[in-house]
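This is what each chain is made of:
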Amino acid sequence: MASLGDLERSVMDLLWDSAEPLTANDLRDALAARGTDAKELAVTTVLTVLARLEKKGLVARERSTRPHRYTASSSREDHTVGLLNDALGTAQDREAVLARFIGGISADEAVSLRAILDSVKTV
Amino acid sequence: MLLTSYFLAALAIVLAWPTPLALSKAKWTARAPVAAVLLWQAIALGGGLSMIGSMLVWGLTPLGNDLISALHAGWLLATGDPSVNFPGVIHLFALSTAFLFAMHLVLTLVRASWRTTRQRAKHRHLLRLLSNPSQTRPNTLVLDHDLPVAYCVPGFNGSVTVLSRGLLTQLSADEQRGVIAHESSHLDQRHDFLILAFTAWHEALPWLPTSRLSLEAVRQLIEMLADDKALEVVTRPVLLRAIVGVASSIAPAKTSQDSAMGLAGEIVGMPGGEVSSRRLQRLLSPVAPLSGFQNFVVLSCTVLLLVCPTILLIAPRLLSW
Numbered sequence: 001m002a003s004l005g006d007l008e009r010s011v012m013d014l015l016w017d018s019a020e021p022l023t024a025n026d027l028r029d030a031l032a033a034r035g036t037d038a039k040e041l042a043v044t045t046v047l048t049v050l051a052r053l054e055k056k057g058l059v060a061r062e063r064s065t066r067p068h069r070y071t072a073s074s075s076r077e078d079h080t081v082g083l084l085n086d087a088l089g090t091a092q093d094r095e096a097v098l099a100r101f102i103g104g105i106s107a108d109e110a111v112s113l114r115a116i117l118d119s120v121k122t123v
Numbered sequence: 001m002l003l004t005s006y007f008l009a010a011l012a013i014v015l016a017w018p019t020p021l022a023l024s025k026a027k028w029t030a031r032a033p034v035a036a037v038l039l040w041q042a043i044a045l046g047g048g049l050s051m052i053g054s055m056l057v058w059g060l061t062p063l064g065n066d067l068i069s070a071l072h073a074g075w076l077l078a079t080g081d082p083s084v085n086f087p088g089v090i091h092l093f094a095l096s097t098a099f100l101f102a103m104h105l106v107l108t109l110v111r112a113s114w115r116t117t118r119q120r121a122k123h124r125h126l127l128r129l130l131s132n133p134s135q136t137r138p139n140t141l142v143l144d145h146d147l148p149v150a151y152c153v154p155g156f157n158g159s160v161t162v163l164s165r166g167l168l169t170q171l172s173a174d175e176q177r178g179v180i181a182h183e184s185s186h187l188d189q190r191h192d193f194l195i196l197a198f199t200a201w202h203e204a205l206p207w208l209p210t211s212r213l214s215l216e217a218v219r220q221l222i223e224m225l226a227d228d229k230a231l232e233v234v235t236r237p238v239l240l241r242a243i244v245g246v247a248s249s250i251a252p253a254k255t256s257q258d259s260a261m262g263l264a265g266e267i268v269g270m271p272g273g274e275v276s277s278r279r280l281q282r283l284l285s286p287v288a289p290l291s292g293f294q295n296f297v298v299l300s301c302t303v304l305l306l307v308c309p310t311i312l313l314i315a316p317r318l319l320s321w
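Line by line, the protein sequences are chains A and B. Residues in the first sequence are numbered from 1 upward in steps of one, following this note's numbering. Residues in the second sequence are numbered from 1 upward in steps of one, following this note's numbering.
Just chain A, with the same shape it has in the complex (with noise of 0.2 Å):
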């Protein structure tokens, strides 16, 4: 059986790549589709998974139809984007990530440390 945390995985995938909202059942048989030991996945579990992430604002839920359909609250890029801001420290929590590789370093010093390396390379 594959821990909540790979099926949230799993769920998130599943979202993203699917142009139209799903609903639990949608999201059970294409999980089982894949085959990774999803065959005895309940549909309970698939909204105990949704019901995690949407808490966590990753999901958004359609209310209007029976039964309910759920779509990615924002696209993978986005997420992706707003990862690297953490990382860079563009985002209000600086210190959520550690050490940037180039901490504290601007763009006109990376533009003459260019010109400097460039300069002994031709040395």
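Here's a subset of chain A near chain B, in silico, CB distances under 10 Å, partners left out: (1) 5; (2) 9; (3) 53; (4) 56; (5) 76; (6) 80; (7) 81; (8) 82; (9) 84; (10) 86; (11) 87; (12) 88; (13) 109; (14) 110; (15) 113; (16) 117.
Using 27 Å as the maximum straight-line C-alpha spacing, the simulated BS3-like pairs for lysine-lysine come out as follows: (17) 25(B) / 229(B); (18) 56(A) / 122(B); (19) 27(B) / 229(B); (20) 122(B) / 55(A).
Derived from the structure by calculation, the hints contain no laboratory data. In this text, a Cβ means the ideal position worked out from N, Cα and C, and glycines have one as well.
Assemble chain B onto chain A, guided by the hints.
Only chain B this time, still in chain A's reference frame:
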């Protein structure tokens, strides 16, 4: 007791203002980042200790000749023993201030660590959804993005290094090794605790300009430490090329975003296009590390800064003779 409290107060002032100012300007720190980081910690700890200590000792002066007897008398007073004289409102005020200030420092640290832990947990959760484990390297995740980025997320149960696909495609194998050595030394040496402590120190005393100076200085020093570790694996030009490769593709995107926000603590390149950050300067023109004797002097200062206030607190009568 009285003389001790004055001495501690003087020490607190020296450690709060002139010393950090001088140290942040000192050039030798780039030659001995390890000793410099230790000294910064001693200044912060010794400063906090003497700030609290001076108020505590002064407040206890009417109650006894040394800390132990004064605390004992204070306890008797609190339990309602009529034989102890009431020390007076001003002294009680000093005692309360010492207590509140100590609590303030501790609580700020607790709050900062709690916040950091939560942010990291959130970040890790997203990483779990978005990144893939590296095929070739342990404890490394690969993030699918073109910007060349490398960073590390420290944690109690397993720290991870995160590399972007852009980093793996745009940097040569050697340059990658340099970047990864740099990142893993941050993790191995637990630099996140240092940053956390100095961030909390700055948050607790935002009105003290030197608390920001120390945070910035420590940030730079740990980068130097990590660079030194990376230089054990790759040569200087390789590491510099890696830094340039990463910095020049990220920095433009970054500055356009940040120009409005005015990113605090970022070192701005000088108008003439010179390389101003000390981290780069020491990579470009290597300086000899401090000699054994110089290192000894710095370490002695470090130890003295911690030992002096502690001893004076425990045995304040040393100064009355």
